[in-house]
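> If you read the protein sequences in the order shown, they are chains D and U.
With the working numbering as the guide, the letters of the first sequence map in order to residues 126 to 470.
With the working numbering as the guide, the letters of the second sequence map in order to residues 18 to 287.
Keep in mind the hints are simulated off the structure, nothing from the lab.
On a predicted model such as this, the values are computed, not experimentally measured, just so you know.
A virtual CB, placed ideally from N, CA and C, is assigned to each residue, including glycine.
Be a bit skeptical, because a hint or two may be false.
If you only want the chain D side, here are some residues facing chain U, beta carbon under 8 Å, derived [as the list claims (entries may be wrong)]:
#1 244
#2 248
#3 405
#4 407
#5 410
#6 411
#7 416
#8 439
#9 440
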Amino acid sequence: MDTLVEIRSLTVELPTAAGWVKPVNEVSLRIESGGSVGLVGESGSGKTMLALALMGLLPPGARVGGEILLLSRENGKEKTGRTKAEAQRTLRSAERVLVGLTAEEWRGVRGREIAMIFQEPMTSLNPVMRIGAQIEEAILAHEPDLPGEQLRERLLAAMKQAALSEPEVRAGQYPHHLSGGLRQRAMIAMALAPQPKLLIADEPTTALDVTVQKQILDLLDRLRRELGLALLFITHDLGVVARVADRVAVMYAGRIVEEGPMQQVLTGPKHPYTQGLLAASPTLEKRALTPIPGTVPQLMELPPGCAFAPRCALRRAECDVKVPEFRHVDAGQAARCVLIEEGVR
Amino acid sequence: MAHLLEVENIRKTFPRGAGVFAQDANGERFAAVDGVSFQVSAGATLAIVGESGCGKTTLARMLLRLIEPDSGKITFDGQDLLQLSRETLRTERRKMQMIFQDPFASLNARMKVGDIVAEPLAIHESRLSGVQRLARVGEILRRVGLDESALWRYPHEFSGGQRQRIGIARALILRPMLIVADEPVSALDVSVGAQVLQLLQELQKEFGLTYIFISHSLPVVAQLATHVAVMRTGQFVENGPVESVLRRPESGYTRELLAAVPEIPQARRV
Numbered sequence: 126m127d128t129l130v131e132i133r134s135l136t137v138e139l140p141t142a143a144g145w146v147k148p149v150n151e152v153s154l155r156i157e158s159g160g161s162v163g164l165v166g167e168s169g170s171g172k173t174m175l176a177l178a179l180m181g182l183l184p185p186g187a188r189v190g191g192e193i194l195l196l197s198r199e200n201g202k203e204k205t206g207r208t209k210a211e212a213q214r215t216l217r218s219a220e221r222v223l224v225g226l227t228a229e230e231w232r233g234v235r236g237r238e239i240a241m242i243f244q245e246p247m248t249s250l251n252p253v254m255r256i257g258a259q260i261e262e263a264i265l266a267h268e269p270d271l272p273g274e275q276l277r278e279r280l281l282a283a284m285k286q287a288a289l290s291e292p293e294v295r296a297g298q299y300p301h302h303l304s305g306g307l308r309q310r311a312m313i314a315m316a317l318a319p320q321p322k323l324l325i326a327d328e329p330t331t332a333l334d335v336t337v338q339k340q341i342l343d344l345l346d347r348l349r350r351e352l353g354l355a356l357l358f359i360t361h362d363l364g365v366v367a368r369v370a371d372r373v374a375v376m377y378a379g380r381i382v383e384e385g386p387m388q389q390v391l392t393g394p395k396h397p398y399t400q401g402l403l404a405a406s407p408t409l410e411k412r413a414l415t416p417i418p419g420t421v422p423q424l425m426e427l428p429p430g431c432a433f434a435p436r437c438a439l440r441r442a443e444c445d446v447k448v449p450e451f452r453h454v455d456a457g458q459a460a461r462c463v464l465i466e467e468g469v470r
Numbered sequence: 018m019a020h021l022l023e024v025e026n027i028r029k030t031f032p033r034g035a036g037v038f039a040q041d042a043n044g045e046r047f048a049a050v051d052g053v054s055f056q057v058s059a060g061a062t063l064a065i066v067g068e069s070g071c072g073k074t075t076l077a078r079m080l081l082r083l084i085e086p087d088s089g090k091i092t093f094d095g096q097d098l099l100q101l102s103r104e105t106l107r108t109e110r111r112k113m114q115m116i117f118q119d120p121f122a123s124l125n126a127r128m129k130v131g132d133i134v135a136e137p138l139a140i141h142e143s144r145l146s147g148v149q150r151l152a153r154v155g156e157i158l159r160r161v162g163l164d165e166s167a168l169w170r171y172p173h174e175f176s177g178g179q180r181q182r183i184g185i186a187r188a189l190i191l192r193p194m195l196i197v198a199d200e201p202v203s204a205l206d207v208s209v210g211a212q213v214l215q216l217l218q219e220l221q222k223e224f225g226l227t228y229i230f231i232s233h234s235l236p237v238v239a240q241l242a243t244h245v246a247v248m249r250t251g252q253f254v255e256n257g258p259v260e261s262v263l264r265r266p267e268s269g270y271t272r273e274l275l276a277a278v279p280e281i282p283q284a285r286r287v
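Whole structure, please, built from the sequences with the hints as guidance.
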């Protein structure tokens, strides 16, 4: 598979009253074309900030270091309104300065190449605008000269694709007429209408009932297959990650601490934090849950070594010296833990 | 042994399209809770599971008479709850307390934690001296895993998991018999939720509590409950011991819910 997005040592710094903090800290990640990466983390892990960096939606004042490369290769299909000359596009950021793209350049990428859906559809949807108008707005943002008839066609196509029943009726409805699941579908329709290559989904099903969640996850599956859509799925739910992702990256205090093929990481986790998450996750089989002692550290007060060490049962002196580098296990699985090399893990 | 709580055919309707922007309701009402009956034994943990709009939250509030049922009977600790005078209800209320879902919304942001947790004492045990109250509050805060310094701080200074513990402390300070918990861990991260679940389990043993908790998460239910009731459009479609309901469900709807839960792959044993 071709690499669609390559994130290289990305660091996002935010100014706070207590000084600069790094909600995203030297994160490297690769998303394959049509692939699905699950980004797992709890509150404060940096996962949402990472997504916002990919969308150029970081808060004002943020400093960005590292690189995000977006490689787009046409697969031969005609895409309405796009020239075939777009073989490769790079988003390159200068060191430690806000991403080097101008607002204008971001507009060509955000929504068009990379789109995002969020947890609370109600806050992303304009409550006083009909659904159809909002989706059309998303299309027109990137193709302002689209004639009315074609616009309508694209609208209905986008809604059908998101499995919105009775699109003609729904298009005339307001968000509050729709259930949570339908609103999420409307968001998906909005996000996919400009035909992006990557969809970032930030906890899209967390607020939904479990049966509705299943429908949305099934829908995302189908869209990946039909459109070759790549997915970056952010969640704290390990069951959902298992359902959705080919690869998993686990974040803690701004860094990726473990990464690899989903099955491998979830059945054979190598980082104590990943192991802790699994041991603390309830399943349908009742078993003794082991909470992870302690709490997530404040970004202002990170230790010099492994950020997880203070909570780790396997901690040793070595852990506190410096942040562990990635150590590879096998077949594409790696984790930042000093214990791996020694064959202890 | 008599049940601690017996609910008989409880019903609650609301006018359709209630609210300022409602269309003319034509006197139509819909039943949020449509004839629910069940019993809970002392020491049990009943989970009420269902999807949005099934009526579980309305039902939970009726159990504490925070909402008045339209009809039906609730017998708690031998007393007919719906027939009690306001005075007697007030004394009965101390035996049943509630923990809410949103640790951010359920604590008064303008009160210090010590005052929040002491409030039930001020209402129900007004003869306690300030010193005695302080001692009780400090004790319960310690028991839920918070430092005594929490007494003087405000809710916003705490994390979600800690705020949930504060809510638990407030619910426990009167030593109730029954605690109704509305989605106690759904707003919390996995590792924090696991801590709270563990705390709830320990407290149940230590204080001899009976729990009724509402959840949309079947894995959490599997973890905590002794009995499960599955609710749909205002009615129980299934109700029984947790093992039976989760492993040998009788209702197609229960099966549908179970099938929708995304499972974490387990390592294959060699």
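> Going by Cβ atoms only, is residue 244 (chain D) closer than 8 Å to chain U?
12 Å, violated
> Quick one, is the residue 248 (chain D) hint okay against chain U at 8 Å, beta carbons?
The hint is violated - residue 248 (chain D) has no Cβ within 8 Å of chain U, the shortest such distance being about 16 Å.
> Taking 8 Å as the limit, does the beta-carbon of residue 440 (chain D) come near enough to a beta-carbon in chain U?
17 Å, violated
> Does the CB of residue 411 (chain D) sit less than 8 Å away from some CB of chain U?
Cβ of residue 411 (chain D) sits 5 Å from chain U, so the hint holds.
> Does the CB of residue 405 (chain D) sit less than 8 Å away from some CB of chain U?
Since the shortest Cβ distance to chain U is 4 Å, the answer is holds.
> Would you check whether residue 410 (chain D) satisfies its interface hint, that is, whether its CB is within less than 8 Å of any CB in chain U?
Holds, because the Cβ-Cβ distance from residue 410 (chain D) to chain U comes to roughly 7 Å (cut-off 8 Å).
> Taking 8 Å as the limit, does the beta-carbon of residue 439 (chain D) come near enough to a beta-carbon in chain U?
Where the cut-off is 8 Å and the nearest Cβ of chain U is about 16 Å from residue 439 (chain D), the hint is violated.
> Can we keep the residue 407 (chain D) interface hint, with Cβ of chain U closer than 8 Å?
At about 4 Å, which falls below the 8 Å cut-off, the nearest Cβ of chain U leaves the hint on residue 407 (chain D) intact, so it holds.
> Using Cβ atoms only, decide whether residue 416 (chain D) comes closer than 8 Å to chain U, and label the hint accordingly.
Holds, because the Cβ-Cβ distance from residue 416 (chain D) to chain U comes to roughly 4 Å (cut-off 8 Å).
Of the numbered hints listed earlier, those contradicted by the structure are 1, 2, 8 and 9.
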